[in-house]
Amino acid sequence: MVLLRESDGKAFTHSDGWIELGTALGGAWRVLSVFKLVPRFLRDGVYRWVAANRYHFMGKADTCALPDPELAKRLRA
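Numbered per this note's numbering, the sequence shown spans residues 1 to 77.
FYI, nobody ran anything at the bench for these hints, they're computed from the structure.
Since this is a predicted model, take the numbers as computed values, not measurements.
Hints are not guaranteed to be accurate.
FRET-style restraints, in silico, Cβ to Cβ [as the list claims (entries may be wrong)]:
#, residue 1, residue 2, range
1, LEU25, VAL46, 33 to 43 Å
2, ASP62, ASP8, 19 to 29 Å
3, ASP8, ARG30, 32 to 42 Å
4, VAL31, LYS73, 28 to 38 Å
5, ASP8, LYS60, 28 to 38 Å
6, TYR55, ASP8, 32 to 42 Å
7, GLY9, GLY59, 29 to 39 Å
8, LEU66, LEU37, 29 to 39 Å
9, GLY59, LYS10, 31 to 41 Å
10, ALA28, ARG76, 31 to 41 Å
11, LYS60, GLY9, 14 to 24 Å
12, ARG54, TRP29, 13 to 23 Å
13, ALA61, GLY27, 37 to 47 Å
Heads up, the beta-carbon is just placed ideally off N, CA and C, and yes, glycines get one too.
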């Protein structure tokens with residue numbers, strides 16, 4: 001996971017990327033910002049564990065889902 005913030009060109013990786021993405025999406029997703037209180041080595045350890053086991057948790061699809069137009073607009077903002 002790498003999130004590049006266009007406003008200042010700053011890159012966020014691993015759990016920091018998810019926290020910044022939640023902040024950018026707004027609404028209920030902003031709750032992810034509370035995880036900034038957890039030390040990065042712990043957050044990234046959980047991130048890597050979930051990433052390594054993602055197919056076990058969510059299954060594997062043959063195709064990628066495309067976002068609906070409203071979500072795509074929010075992601076570009």
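- Query: Tell me, which hint numbers fail for this structure?
  - Reply: 1, 2, 3, 4, 10, 11 and 13
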